[in-house]
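Top line first, the protein sequences correspond to chains A and B. Take our numbering: the last position of the first sequence gets the number 336, and nothing is skipped along the way. Take our numbering: the last position of the second sequence gets the number 345, and nothing is skipped along the way.
Just so you know, not all the hints are guaranteed correct.
No farther apart than 27 Å at their CA atoms in a straight line, the calculated lysine-lysine pairs in the DSSO-like style are these [unchecked claim]:
| hint | chain 1 | residue 1 | chain 2 | residue 2 |
| --- | --- | --- | --- | --- |
| 1 | A | 270 | B | 273 |
| 2 | B | 103 | B | 68 |
| 3 | A | 176 | A | 154 |
| 4 | A | 270 | B | 15 |
If you're looking for bench data, these hints aren't it; they were derived computationally from the structure.
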Amino acid sequence: MAPPVLEIRNATKVYRTSGGFLSPKKEVVALQDYSLTIEKQPASITTIAGESGSGKTTLANVVLGFTPLTSGQILFHGQDLATMNRRQLLHYRRNVQAVFQDPFGVYNPFYRIEHVFHTVIRHFKLAESESQMRDMIEEALNVVGLHGVDVLRKYPHQLSGGQRQRIMMARVYLIKPEVIVADEPVSMVDASLRAAILEAMLGLRDELGVSFLYITHDLSTAYQVGDRINILYQGSVAETGTTVQVIDRPQHPYVQLLVDSVPAPDPAEKWDTEIELPDEEVLRSATSTGCRFYPRCPQRMDRCLEALPPLYDIDGRGHEAACYLYEDEAQMASAP
Amino acid sequence: MAEIPAEQVQRRRRKVLEVRNLRVHYETPTGDVIAVAGIDFDLYDGETLGLVGESGSGKSTAAYGILKLVQPPGRIVEGDVTLDGDELVHMNDSSFRQIRWTKLALIPQGAMNSLNPTMRVHRQITDAIEAHEGKQDKEALRERVLELFRMVGLPQRVYNMFPHELSGGMKQRVCIAMGIALHPTVVIADESTSALDVVVQRVVAQTMLRVKQALGVSMIMIGHDMGLMAQMVDRIAVMYAGKLVEVAPVETIFDEPMHPYSQVLIESIPSLKERKPLKITEGITHDPRNPPPGCIFQLRCPHVMERCRSEAPPLRELLMRHEVACHLYNDDGSLIEGAKLEAAS
Ligand SMILES: Nc1ncnc2c1ncn2[C@@H]1O[C@H](COP(=O)(O)OP(=O)(O)OP(=O)(O)O)[C@@H](O)[C@H]1O
Ligand SMILES: Nc1ncnc2c1ncn2[C@@H]1O[C@H](COP(=O)(O)OP(=O)(O)O)[C@@H](O)[C@H]1O
Ligand code: SF4
Ligand code: SF4
Ligand SMILES: [Mg+2]
Ligand SMILES: [Mg+2]
Chain A
1 MAPPVLEIRN ATKVYRTSGG FLSPKKEVVA LQDYSLTIEK QPASITTIAG
51 ESGSGKTTLA NVVLGFTPLT SGQILFHGQD LATMNRRQLL HYRRNVQAVF
101 QDPFGVYNPF YRIEHVFHTV IRHFKLAESE SQMRDMIEEA LNVVGLHGVD
151 VLRKYPHQLS GGQRQRIMMA RVYLIKPEVI VADEPVSMVD ASLRAAILEA
201 MLGLRDELGV SFLYITHDLS TAYQVGDRIN ILYQGSVAET GTTVQVIDRP
251 QHPYVQLLVD SVPAPDPAEK WDTEIELPDE EVLRSATSTG CRFYPRCPQR
301 MDRCLEALPP LYDIDGRGHE AACYLYEDEA QMASAP
Chain B
1 MAEIPAEQVQ RRRRKVLEVR NLRVHYETPT GDVIAVAGID FDLYDGETLG
51 LVGESGSGKS TAAYGILKLV QPPGRIVEGD VTLDGDELVH MNDSSFRQIR
101 WTKLALIPQG AMNSLNPTMR VHRQITDAIE AHEGKQDKEA LRERVLELFR
151 MVGLPQRVYN MFPHELSGGM KQRVCIAMGI ALHPTVVIAD ESTSALDVVV
201 QRVVAQTMLR VKQALGVSMI MIGHDMGLMA QMVDRIAVMY AGKLVEVAPV
251 ETIFDEPMHP YSQVLIESIP SLKERKPLKI TEGITHDPRN PPPGCIFQLR
301 CPHVMERCRS EAPPLRELLM RHEVACHLYN DDGSLIEGAK LEAAS
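Chain A with its partners taken away, still in its complex shape (with noise of 0.2 Å):
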């Protein structure tokens, strides 16, 4: 069989922080022991959820390269990323692209949105002539819902954040790579533009054959395009299963409370309950050996100190909950 398109395998960052009044030097583990296998075919949407400063955006930089593990392996059909010669990673970066969080940053200020499409194209020679050029970057426009005399004589500033967000989509439409990293692709998109954007993520899914790592913390985006989802708590996967399991039937208790924190889009269903926010020193402190969800547990036990629960299996079709809930009644899903 083929090897995956991608394969992450015990990845593990860890940040060294600078420290100071309140907070002596420590090391920030925003990545532990993650696996996560994409296969070519079929092409699919994974979601990476979780809230924020769980490790999202450092899987995405792990992925793309712009930081390195400081264990484990990230393997792009079958060779490790870290052994790739400059060609292999040429390849490596066509074939795995980025849409990020904002997208201003990508942006430079002083050229107008048409020369990012200029520049992709001239870099991995997309066309032959300069009408084909402008076709294509008119196809790719479409596709996200926007058109070239709208935009492309204007400087970045000129766009608004959800027209910036579309012209990357609409970029990375046109380099057609094996992988697109999306990191919060949505997030500054209104509800009747986002479907636009969403359907062109399914359509490079299904007709190019791209696959996806969906970053967000939007729940109800993900339920309605993800093919399986990995929700992660303080650089660890707690909960993972196709995205109808979890979001139908969460098991972990971290997973509960994030179903249930997405707002009922009705006035009349307002939240009744106030919810805090532990203090970060005690939620930090308890969790150096067992069960980084303790703290806030409403379910825990002493055996949950103990170690990092590993994923059980929840009922022998994929659906997986790091929480020793699940120890008795199910077999374990990888040996610890």
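Given chain A's structure and the hints, the job is docking chain B with the ligands onto it.
Frame of chain A, contents of chain B with the ligands only:
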């Protein structure tokens, strides 16, 4: 629903902010982009007004207009903004500077990306406080910053960190803390919780509501997350291509939206209850330098009529506290003769 005390009803009728015919253009070599095309609305004491609309519809520009923060090539073309009886647009700059931030504060969109990367977090907040209130006792300032941190759910360790060491969510909360640091009368929060995950978003949203209550602030929340709007705001103003097309209490907008664009907006809200096919609405709008004569929504409107192409519908109060700009309705809110809305509601 709990009975609202009479005193609060009185208060709620007092207008703190009145915006009249505000018009903001951006100059480009090929003509002015009409970002805000003459909008009118009021903000009542203690209320939270949601300003929604798609990207590029002019929400942020409207906020900049109200705060006189429009930067060239943009300019306020006309309009009046009155805050607590003071007219702002024509006020001289030094008087206005005093009001801005102390009475009227903006938490700008993407504020988290404009934090000074070389300055520790606490300095950015204390500098903002001291710039308006003058030098202060160090210990008291520190207490105040830590209290602000508690209000927005930031851990104490952030006090001495640099912005690049924080996650996006933490940076956003630093910006919210800065926005409320001077206890303003009106806060305009532009997409302030958009970059946050749901649990933190909920905590921050509830914190904002609590802070709002405690400090008696009135708030304009700009955003596009209709779920969050449903939870947080009292009234909603829907913006499209520089115009307000509908203004009504939040329940009304969700249950009985009248403007065709609001109807699209409500229908395309993704749900966690059922997995349904995406509802795509044509995302293409007109050239903002060159709006068509007549209704600004005509290119996307499923109900467009002859009259819509020549005559711009004014924003009219059709039902109690329910303003709509659309030719489909008579002055009393009933549908005009011959109009069919079958697919829309
Ligand atoms: N360069 C850095 N130096 C020190 N700590 C960092 C650095 N970058 C990230 N961190 C820390 O790593 C953790 C994960 O951060 P990351 O940006 O990946 O979170 P995230 O899930 O993307 O959050 P958000 O949704 O808010 O963007 C956080 O605790 C953050 O403070
Ligand atoms: N500096 C600028 N120069 C020219 N046009 C601009 C500028 N800033 C915004 N615009 C245009 O003004 C319109 C409204 O933008 P904005 O207020 O940012 O929208 P929103 O906040 O609703 O997303 C858009 O068409 C945008 O492209
Ligand atoms: S392992 Fe224990 S502390 Fe962790 S989520 Fe499960 S029950 Fe709660
Ligand atoms: S005025 Fe006409 S075009 Fe405009 S929203 Fe109403 S029906 Fe549609
Ligand atoms: Mg992030
Ligand atoms: Mg905006």
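- Going back to the hint list, which numbers does this structure go against? none
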